[in-house]
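K.L.:
Once you've looked at the hints, dock chain R against the given chain U.
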Amino acid sequence: DGGITQSPKYLFRKEGQNVTLSCEQNLNHDAMYWYRQDPGQGLRLIYYSQIVNDFQKGDIAEGYSVSREKKESFPLTVTSAQKNPTAFYLCASTRNHNLGDSPLHFGNGTRLTVT
Amino acid sequence: LAKTTQPISMDSYEGQEVNITCSHNNIATNDYITWYQQFPSQGPRFIIQGYKTKVTNEVASLFIPADRKSSTLSLPRVSLSDTAVYYCLGRDSGSARQLTFGSGTQLTVLP
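Respectively, the protein sequence lines represent chains U and R. Going by my numbering, the first residue of the first sequence is number 1, and it counts up by one from there. Going by my numbering, the first residue of the second sequence is number 1001, and it counts up by one from there.
Next comes chain U alone, as it looks inside the complex (with noise of 0.2 Å):
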């Protein structure tokens, strides 16, 4: 089955150390995304790929590094600078980000605890 997968399910760092949250897709899809969210809260855009080698920051970026040297990767580095790590963190992808028809595959998320 093709899907999004994210890893591990928990993670949990002490204050200071970086910590990398991996994403890997086997859709074929161009364009993947991560996205923070809070208790209770909705959905905000950390950084985005259009494409290999390639990649925009969201709302939220600072405080976050990304790389997309594969078409299947994407992954998120949370760095000591970003001040209020603990999080919910979701990966997605889509088709083609130009597309006006291509909806978003979500993974199951990596819950991060930073303490």
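The hints are simulated quantities; they were obtained by calculation from the structure and are not laboratory data.
List time: in silico DSS-like cross-link candidates among lysine-lysine, alpha-carbon distance up to 27 Å:
hint, chain 1, residue 1, chain 2, residue 2
1, U, 57, R, 1003
2, R, 1003, U, 83
3, U, 57, U, 70
4, R, 1054, R, 1003
5, R, 1069, R, 1054
Per the computed footprint, the stretches of chain R lying under chain U, defined by three or more beta-carbons under 8 Å from a beta-carbon of chain U, are:
hint, region
6, 1023 to 1033
7, 1039 to 1050
8, 1082 to 1091
9, 1098 to 1107
Just so it is clear, CB atoms sit at the ideal spot from N, CA and C, and this is done for glycine as well.
P.N.:
Then chain R, alone, in the frame of chain U:
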């Protein structure tokens, strides 16, 4: 950015029809309006999308007026398992065409 506005919460009883309306300004001309369902600690799941007028699938209907400034998700005969957060999604008509979620509507279905 395309800002979507939805009611924060709604309650319903099992077996009733539920309508959730989303207002969206600055929606991109060629883009569809898409609705998602999210359960706690899971990723959102696609429900339905449409461009204008009415679309129906096996789980929901979507009504979009001609001006496309709003859309209404209709869930027929809800059950307890429909308790979830529902999001409408619009794409910004600006050059970045970012996919921006609204704050979502928490639907609680009561027995």
